[in-house]
Structures are given as structure tokens and as C-alpha cells.
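Those protein sequence lines, which keep their order, are chains C and L. Sequential numbering from 1 applies to the first sequence in the working numbering. Sequential numbering from 1 applies to the second sequence in the working numbering.
Calculated from the structure, these hints are not laboratory results. In this text, a Cβ means the ideal position worked out from N, Cα and C, and glycines have one as well. There may be inaccurate statements among the hints.
Taking beta-carbon pairs under 10 Å as the criterion, some of the chain C residues facing chain L (in silico) [to be verified]: (1) Phe192; (2) Val218; (3) Ser271; (4) Ser302.
Derived list of chain L stretches under chain C, where covered just means 3 residues or more per stretch with a C-beta under 8 Å from a C-beta of chain C [what the hints assert, rightly or not]: (5) 119 to 133; (6) 176 to 182; (7) 318 to 329.
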Amino acid sequence: MATRTEALEQQVGRALRRLDVAVVRDYGVVIAFVALFITLSISSDVFFTWENMKNLSFQTAPIGIMAVGGTLVFIAGGFDLSVGAVSAFAGIIAAKTYVGTGTGLWGSLIIGALAGLGCGIANGLLVTVGRVNAFIATLAMAIIVNGVAQVITSGNLVSVEGDRFTTLGLGTAGGVQYPVFVWIAVALVCGFLLWLTKFGRYVYAAGGNAEAARLAGVRVNVVRATTFAVSGLCAGIAGVILVSEVSTAQWDANRGIEFDVITAIVLGGVSLLGGEGAIWRAVLGAFFLQMIGNGFNLLGTSTQWQYVIKGVILAAAVSLDAWARRRRA
Amino acid sequence: MSGRAHVELRGISKRFGGVRALSDVDLTIERQSIHALVGENGAGKSTLGKILAGVHRPDAGELIVDGRGVAYRSPRDALLDGITIITQEPTLVPHRSVLENVFLGVESGIAGVVDERATARRFAKLVADTGIELAPRRPAHSLRVADQQKVEILRAIVRNAKLIVMDEPTSALTLDESERLFDLIRRLRDLGTTIVYVSHFLAEVLGLADTVTVLRDGRVVRTAPAAEESPRRLVSAMLGRSVELTFPDKEPPPADAPVVLSVRGLSRPPAVHEVSFEIRAGEILGLAGLIGSGRSEVARAVFGADRPTAGVVEVAGKPLRARVPRHAIRRGVAMLPEDRKTQGLLMLRSILDNVTLPHLDDVTRAGVVDVLAERREGGELVRSLDVRASSPKAAVTTLSGGNQQKVLFARWLFRTPKVFIADEPTRGVDVGAKLAIYELIHGLARQGIGVLLISSEHEEVLGLAHRVLVMRAGRIVAELEGDAMSEDAVLHAAFATERVA
């Protein structure tokens, strides 16, 4: 009888451990997010206030928008390193158009965002028709776009006079800044595309098993290229938001932001291998990342350490994912 | 060493997620014997082999090697006790030589500098001992699968393996290569090695093994000397009931049935040369031949998966120039690919997602998938094909091989095709699912679909098809019909000795 109970205990223990791994893998980011959220709410009076939540969302919006677009690329089995350079480029185009051509505010911003879309389409063509590895193709695109941005600005700042240009970046509705609404809209649209449309199914298929998708009649290249185009458009939107916040555009403004974007996507639990993932993960990942920074500021800890923490968390997230996968296989 | 028992398993159990792979397995493997494990797919035979070799850890039970209880945490631990595994897919370093692969990790030399001459001497001795002839300098990727397996076997011997687990080693070999492998296995046994041989080719097992253990649903049904077993006895033990492996009665298509697929002069060198054939509505045309004879390549060229260099394909009398599979699918051609995991399924997605993938246009309005219609139509199909799953939204990874294959059938039956190409439809599925798939294929023909059936199991082609084409070296070398359809005739044509240019 004793051995029987022992065996039962063993079994239950094992089942619990397995459950842990599965849950941590699928919902690890949620657990970590909630834990950090609660910790910060308790340790800081300011953290869980409407004002801080609003600012946090506002600060996250540009990275969040790019992470949403990047998620589509990731799920389709690609990778986009160019969003930093593309967003800066889009900002410059918007500012230059506004200052130089007499185009209206919204027209200029839209033209800027479309410049991002153009870069995304170029990425997509490089990866599919050009058969360049996504990592290299988007790296090359980043270098090219950076170069072009330097050329058209002669390496100088582009400043926009007057307050009107900041309407998109700093304007509010019901106390909430416009970029937050843009982020929500982009996330909803991409989430809709991914979950409910034919295109979304094809994205998962292209990333999950490209050969099987092709043999089932899916135009894998078209689908992949489209995800890059969406990512480019998102980078363009984020770029015009960023430039509108400060009224100045600079060719090297958003350098390195692509790594924050990738970190956010991966933290959210979107697989680097493609075929898996969801938009809410990128949203949560971006929030999580920003919350670490916000927490450091509120608690008055040295900000240098936040990079160390972010790096460690990123490595831990990927490692956990790989371990859980192994366990499951 | 101690006694006859090399390895003993007591009460071994193993689960993967919700699936019980092994429960309470007791087994004794005698030293210097060839011990076969047979069973349907999913019976647990591979899992058992992998537990022996330290690939998987049992959840419960004892593993006793050389009279000593062990708990392997990795294949490396098992290797220290002289136990290793050779799996279906060779795991060599592709761009390094045979020699380097054999001695990888156990090179002769001092302080990390490889002593080339000593290594060459060791290799020569190995060749003399085992009779395995391989060019030591050839890169591993240039070897055929059979030779890659030999490299793995040499590798095992070099590591002083006393027990080698072989998991379906002949699945990618020709008959001739298999025979040579068996000779080698017998020689290894005579030299003192214990072999655990996992396979579902029963004739092969009976010819080779000393002892046979039958597994069913993760339990041992019985262990007996191979001399006392017969294929029929093994099959009934595997199924737990007495069945005959029979094929449904053939119903030949009406004489005036129209031609649904016509292929003339199809070429795609080096695999396919001037292949021509016709399939009529309701006809099952078998395509037999050895692995590598170009059967799958013909199918892929017709379907647009590969582009032919010459030839005309007509579907229902109208030319089809399929540059990509999408074109062929639109014209009513369906293809069940050779390898369902790498070419067929989205393993992480649901059954429904997999079924409707090529037909999303039919359940989509303005780009938005009508999930209710999808679930209604797809779910019904999945039920009618008897796919065993908790729900149509279950991920395909959770299904057995036979059920995965049925999902692919459901995919192509969602909209009735004119031509159905089935490439190895029963590979890696259990006996029960095989029978179901045979019925399905017959059902397709009854509906007036023209079926092109490709299979490496000749009895399957002969048992199902109305007419059989045999391929050799990329050409059709024989067409068999009626009484001429025999295993003998197929083998004769497939193996013919004269050179084909």
C-alpha cells in the first residue's frame, strides 16, 4: 500500500512538473508580466496610477507598433532587422515633405508611412525573388536606407517649425495620446488579419512548413513578401509618430530600436522558428520591456542596470522556450 | 560476463504528454542474440529501443544492464555501458569523410592532434573484421543511405558497442542492400554483439531474428523464439485479433470511362525520362519500382511541384501546364506527398486548418474565413474519414501516423478531385489504418476519380491497382494488367539487369 501511495505521489509530481513547463512555455510572459506588474504596484506608489499607465502606453507605442508588424514576419518564418533605419527614414520623408513641399500635415505623415511600406516591399522582394536570407536582406536594407537618409538630409537635422506638426505625436483624446490609439488600431488590424483571414492562415502555413504550404497551393513567396511589407508599413507609422513627437528628424535617430522590437516579440513568446505566435504576445512583450525601464526609473535604481536585466530576461525567455520544446518532443 | 541476460527491463513505463507509450514492460534480452521488437506504429517499439539507448528516460521501472541497475540520463551514459542506437535517419557530419565520421570523438592521437596513420590502420583493421567495404576518404553526404548506415555501424563498433539498437534500419534500403545489412548483422552477432532490431517488416524480422517480442499498445504481448512464429501469428498478436491482410475486391472502371489524366513524353532528367501513361475515370493505376526509380518524381512533375523539361500533361482532355502546384490543384489534381511530415502537414496547426488549407477560397468571404462553414464542412469530412482525435481543432502533432494520413486524405476530398495521386499512402501507418486507407482509395475510384498509386510495398500496388506500371531508372519498363500482375513480374521488371541508358 505504501509503495502504491508513493507511486501515486511520484506520478502526480511528474504531472505537475510537466504542466509547469507547458504553462510556463505558453504563458510564461503572462506570468512574468503579472508578477512584475504586482511587484511594481506594491513597491511604488506612482506605478499603478492612470497617469503612469497612460505614459507607459504612450512610450511603448512606437516599439509596440513595430513589434506587431514584426510578429507577422516572424510567424511567416522571416526576420526584420531594418525597422530602426526604416522608421528614421520614414520620419525624414514626412518632415521633408511637410517642410519642403507645402503638403498638408496628414498628407506628409501618410507619405512618410508609405515610404516605410516601400522599404518593406523591397525587403520582401529581396527575400523572395532575390532569395537573400532574411537576416542579411534586412540588414542590407537598413544600411541602404540609412545611407539614403544621410544623403537627402546631408547628414543634418530636419527641424519642423510650429506646434502643428506634433499633433499626431503629442495630441490627445480623452487624455490619452494619439500614438496609443494608433497602436491599438494597428494591433487590432493585424490580429484580425492573422486570426480570421485567409492571409493569416497562409502566414502560419508559410512559416510552419513552407514546402507543405506550397504543395497545398499556397503562394508562399507572396505571403512572405506581404509580411515584410506590413512590417515596413508599421515601421513607417512608428517613424512618423516618433518624428512628430519631437518635431525633428534625423537620419540616425532610431538606431538600435530594432533590437528592442525583436526583444519585445521574443519576450512575448513568438517563436523564432516561425509557424507559431500571436499579436497579443508582441503587445505584451513590448509592454513588459517598457515596464522594466519604467520600474527602474520609479524605484530610482541605476538605469545602467536595466540593460543587463533586459538582456538576462531575453536570454532566459529563449532558453526556457528551447527547454520546454525539448521536453515536449 | 554474467549469465545469458544482457539487458533486463522490469516494469518499464513511459508517457509522452497524454499518450501512454509503454506500460509495465518486462523483457529480457539475451547476450549475443538478435532480438526483434515488432508491433504496429505507436505500439511502443521505438520508444523501448530509445529507452535502452538512453534517448528517453523511463517514468517508472528498472533497467538492468549486465546485472546492474542503471538510470541513463543521455545516450552518452548508455554508450559507457556499450549500448548505442542507430536510427532511421543516419546522423553523420555530411561534409566530413567516412574516416572522420567513424572516429568522431574517439580519434587516435596525442593532445588533440589526430594521428592520421594510426587512424588509417584502425580503419583497415575494422574493415577486415567486419567485411564492410567503404572508401575512407569519401565525404559522408555523397554516400547512399545504405552506406551511411554502414558508417554508423562502424562508428558503433569503434565505440566498443556491445549492444546496438537498430530502429527500422531497412526503411530506406533496397532489397539487395537490406540483404547485405542482414549478413552484417548476423556477423556482428557471431562476433559477440547483441542486436535489438526494431521493425515492422515481418518477413524480414522472421528471417533475421533469434527472438521476437510483439508489442501492442505499449505492452508486451509475448516473447518467443523466431522459429516458432509466422507472419500470420505475428499480425494477429499485433492486432489482438485474427485478421487477414486482405484487399478490397477490385471494381474495374467501365470500358468507356473517359481518360482523366494523360501524360505524354514527360521528362525531368536525371530522374524522369519520356514517361507516358493514361488514367481513366475510376481507374487505379499503380506505379511500382524501387526507391529512386523516379516514381515520386513523375508524380511531382505532373502536380507542378517540380518543373518538367519536356512532355504534355492533360487533365480531362485539356492541357495542364502546372508551373506550381496551385495550377494543378485548380484543375482538380490532388497529391498526397511521399513524406507527410515534411511535405504534407502543418504539424503545429489544427486538423481543420490542415484540411481546408488548399480550399480556403471556398470558405472565405472577402478574405475572411467563415469559421462556422469551415467547421461544418471540414468537421463532417473528418468524422466520415474516421480521424481519431479529441476534436477537429486538435493539433496534428497529437495524432498517430494513420490519423495524420487520413487528415491529408480529408484535405484532398474537401473538394472532389478528378485525379488523385497517392505517393506512399500507407508509409509508417499501422495495420488497422492501412486497411482503412485501402478502403478509402477504392472509394475514390468508385466515385470516378482517377487514382495514381505509388508504393514501395509491391503487394499493396498489386492488391489495389487495376493496372501496374513498373519504373526503372526513370523510365516505364513494364505495364502489367490482369493475370500478368504478379509480384514476380514486378520484381523482374524493377530489377532487370540490362542497362537502361
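Hint by hint, here is what the structure shows:
1. Phe192: Hint on phenylalanine 192 of chain C: holds, closest Cβ of chain L at ~8 Å, below 10 Å.
2. Val218: At 7 Å from the nearest chain L Cβ, valine 218 of chain C passes the 10 Å test, so the hint holds.
3. Ser271: It holds, given that the least Cβ distance between serine 271 of chain C and chain L is near 9 Å, below 10 Å.
4. Ser302: violated (42 Å)
5. 119 to 133: violated (count 0)
6. 176 to 182: Three-residue rule not met by the segment 176 to 182 of chain L, so violated; n is 0.
7. 318 to 329: holds (count 4)
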